[in-house]
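Top to bottom, those sequences are chains A, B and C. The first sequence begins at 1 in my numbering and counts up by one. The second sequence begins at 1001 in my numbering and counts up by one. The third sequence begins at 2001 in my numbering and counts up by one.
Take these hints with a grain of salt, some might be off.
Stated by the list, open to error - Pairwise CB distance ranges, derived in the manner of DEER restraints:
{"hint": "1", "chain 1": "B", "residue 1": "Glu1076", "chain 2": "A", "residue 2": "Thr60", "range": "53 to 59 Å"}
{"hint": "2", "chain 1": "C", "residue 1": "Tyr2175", "chain 2": "A", "residue 2": "Gly184", "range": "20 to 26 Å"}
{"hint": "3", "chain 1": "B", "residue 1": "Gly1071", "chain 2": "C", "residue 2": "Ala2119", "range": "53 to 59 Å"}
{"hint": "4", "chain 1": "B", "residue 1": "Met1001", "chain 2": "A", "residue 2": "Asp167", "range": "47 to 53 Å"}
{"hint": "5", "chain 1": "A", "residue 1": "Val106", "chain 2": "C", "residue 2": "Ile2156", "range": "21 to 27 Å"}
{"hint": "6", "chain 1": "C", "residue 1": "Ala2119", "chain 2": "A", "residue 2": "Val106", "range": "46 to 52 Å"}
{"hint": "7", "chain 1": "C", "residue 1": "Ser2022", "chain 2": "A", "residue 2": "Asn232", "range": "30 to 36 Å"}
{"hint": "8", "chain 1": "C", "residue 1": "Thr2045", "chain 2": "A", "residue 2": "Val243", "range": "39 to 45 Å"}
{"hint": "9", "chain 1": "A", "residue 1": "Gly143", "chain 2": "B", "residue 2": "Gln1064", "range": "44 to 50 Å"}
{"hint": "10", "chain 1": "B", "residue 1": "Gly1135", "chain 2": "A", "residue 2": "Thr60", "range": "24 to 30 Å"}
It is worth saying that the hints were derived from the structure and are not from the lab. Note that the Cβ used here is the ideal one computed from N, Cα and C, for glycine as well.
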Amino acid sequence: MGGFIDLYTEADTFLHRMDPRVKIVAVLLLSLLAFILSHLYLLLALLTFIFLLLFLARATISRTAFALKFVLRFMVLIIILWPIFDPTGTPVLASLGPIKITEPAVWRGVTSAARVGCLATVWYILMFTTSQRDLVRALVKMGVRFDFGLTLAISLRFLPTFGALIDSIKDAQRARGLELSKGGLLKRSKNYVAVLVPTIVSALRTADTLSLALQSRAYGARADRTYLRDLNMRPSDYVALAVLAAILVLPAFAKFVMQVDI
Amino acid sequence: MKALELNNVRFKYRDFQNWALDSVSLEVEKGEFVTILGCNGSGKSTLCLLTNGLIPHAIQGNLQGSVSVFGNNVGEQPVSQSATKVGIVFQEPESQLFCMSVEEEVAFGPENLAVPREEIKTRVEWALELVGMKGYNNRSPFSLSGGQKQRVAIAAALSMRPEMLVLDEPAYALDPVGRLGLYSVLRDLKEKHGMTVILAERDAEEALAFSDRFVLMKDGKLLESGPPRQVLRDPAKLREIGVAPPQVTEVASLLNTRMGTSKFSFLTVEEAERAILEEVLKPKKEGRR
Amino acid sequence: MSAQGSNWGNSGAAGKPANYVSPKIVAVYGVLTALTAAITYASYTPFSPTKGYFNLGDSMVFFSALAFGWRAGAICGGIGSAAADILLGSGIYAPITLVAKGAEGLVAGVIGRMKGGKAWAVALGIGAGGACMITTYFLGEWLLLDVGLGKAIAEIPINIAQVVLGGTIGALLSYYVKKSYPSLTKT
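So that you can see chain A by itself, here it is in the shape it has in the complex (with noise of 0.2 Å):
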């Protein structure tokens, strides 16, 4: 296990700041920036930027220590099978039997490594420094249908509460002697039936409830409805996404315009 059940940590920097809209185009211009580099240097200047940007998001030692840790595994083995499934180029590292190990290939993996590195990590910007609220309001106000928003909400809202449902009745069963972290990974599994039957069910239960709630509530009574919480772009905003903009298109520009190797 591991990890956060909610990223967000709440500071006051300009990225916490920032419309959570802009925030999301960041991410996939940054992604789509890191396909058209395919300079290993270049690669590294931009993850160094990502870098840069959750160091100022104020992101704890341990949170970032949390993005990095899957990734890093990730990265090295990408570094160690790269070469050995790649055996075009000169000069030969070194042979053993049909595998070669070239120099080109294992700088192709490095670079690969430092693509997924970028990929990888670009999202914890966004993660760290919005609230999932605001994630899901960005969302719909970007043409994401309301029905569609509110379920994804309901999903995150009740993430935490299946978690906790899990938990207790996990202590339930191994209370009465199931075995849940010890065994194969076959007999691990088939214990684990013990526990998700009554979590589904009473997951279902829930959601029984859950829909009568939502009625009473008046869902879906008007078309024109309204929102408590609006987003609203500030200059600055504007400003960020102009630099994005520019940071995304200037290289594919001269990649793809001026057929420069980058």
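With chain A fixed as given, assemble chains B and C onto it according to the hints.
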């Protein structure tokens, strides 16, 4: 115009054999606080679900008779429209709050009704203050105690400005402190705001002090309806339907039996104290002679 | 209180009613999505030596698809699994997961419920859905993320194990819940 009018209502859930409600007629006046007492399966939850049209619109079954709320037949209008007249609070605190913050929870109803933003803000503050949850606007419902959750659920119903509030065993899952907070909100609703309230309960103790009327239900039938003092004169009736009578009325009925009278009838400890003191300090005329 | 008197919007009939999906669907899909994420999260077991990880999230994808149909399988399976990825720190996978598990749920729901959900249909649906998931991950990692053929292949055995175990458990869950609690699985 009655707040609620049930006219010979029968209801049977789909796939069930027995009538959950059987020939129930009930009238509730505007501003009245009615407590429905009964145990599991007495039909009181079913009655609650009828008041805003969840039966028959959301829950299928066989419904006979008519239910009208402030003159409108709830069977003939969508639930979202009945919801503007009747606010409903369910038993389970966790599963009726579905938003990510208390503020959104309370705003959800008025938002659906297209109430202007400024007015929603006013209503949210008003409702949260009324239930004693002011300042909790940005808290997640998940992080609240059971009692706080139920009070938020009440606020979420009140923000739609209903004329009647229906609560189905709201205190069932609560600890004693949570109960206390909840009942003090209900008392305020009656005494300060004159709200029409229907409260389903399996315990007569707490609701006694501010109920205008007790309704006893068993096996889908309405057994008795009247002022608490009258209904509680015979605590055996409550025990018969599986509801624990308030302790103080047990004392009254015990005294009546022992002394061979029926003059004792008190609903609160204060009343009991006064009546018993009076009895003890009274000069015993026959003894002197 | 000043707000007491005003009665904005209390004439619900004034506006046109919204054209939303039914509240039952919103409630059930929201709950299934949360369950998928919560179970993925709670059963998450990292293991060596491949340093991959294993979870029972697929059992919820298959359960949603078999008990509630392909829409629930696709939406709840896709979004719930992607959310778990983000919360577990493997956000890089989230977009691929959304498509892979969404497709898994969709296909398992369509095929697994043919002929009223006979055993062979369920088995076929799980197999076909699982194949979609494994292929999507493989292609996504290899071509989209460009992580190299080796890393993409290394993932396949783990994914097969997830489909076999998750599929078995998901089918059992759906059979048991549909049989014992028929009213809960109606939408």
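>> Taking the Cβ atom of glycine 143 of chain A and the Cβ atom of glutamine 1064 of chain B, is their distance within the range 44 to 50 Å?
In response: At roughly 46 Å between Cβ atoms, glutamine 1064 of chain B and glycine 143 of chain A fall inside 44 to 50 Å, so the hint holds.
> CB of tyrosine 2175 of chain C to CB of glycine 184 of chain A, is that within 20 to 26 Å?
Replying inline: Holds - the Cβ-Cβ distance for tyrosine 2175 of chain C and glycine 184 of chain A, about 24 Å, lies within 20 to 26 Å.
> So does glycine 1135 of chain B sit 24 to 30 Å from threonine 60 of chain A, Cβ to Cβ?
Replying inline: holds (27 Å)
> Between alanine 2119 of chain C and valine 106 of chain A, is the Cβ distance one that fits in 46 to 52 Å?
Replying inline: holds (51 Å)
> Okay, serine 2022 of chain C versus asparagine 232 of chain A on CB: inside 30 to 36 Å?
Replying inline: Given a distance of about 33 Å, which is inside 30 to 36 Å, the answer is holds.
> Does the hinted range 21 to 27 Å hold for valine 106 of chain A and isoleucine 2156 of chain C at CB?
Replying inline: Since valine 106 of chain A and isoleucine 2156 of chain C have Cβ atoms about 24 Å apart, the given range 21 to 27 Å holds.
>> Does the beta carbon distance between threonine 2045 of chain C and valine 243 of chain A stay inside 39 to 45 Å, or does it fall outside?
In response: holds (42 Å)
> Between methionine 1001 of chain B and aspartate 167 of chain A, does the beta-carbon spacing fit 47 to 53 Å?
Replying inline: holds (51 Å)
> Between glycine 1071 of chain B and alanine 2119 of chain C, is the Cβ distance one that fits in 53 to 59 Å?
Replying inline: Cβ of glycine 1071 of chain B to Cβ of alanine 2119 of chain C: about 56 Å, so the range 53 to 59 Å holds.
> Between glutamate 1076 of chain B and threonine 60 of chain A, does the beta-carbon spacing fit 53 to 59 Å?
Replying inline: Since glutamate 1076 of chain B and threonine 60 of chain A have Cβ atoms about 57 Å apart, the given range 53 to 59 Å holds.
Going down the numbered hints, you'll see the structure goes against none, and every one checks out.
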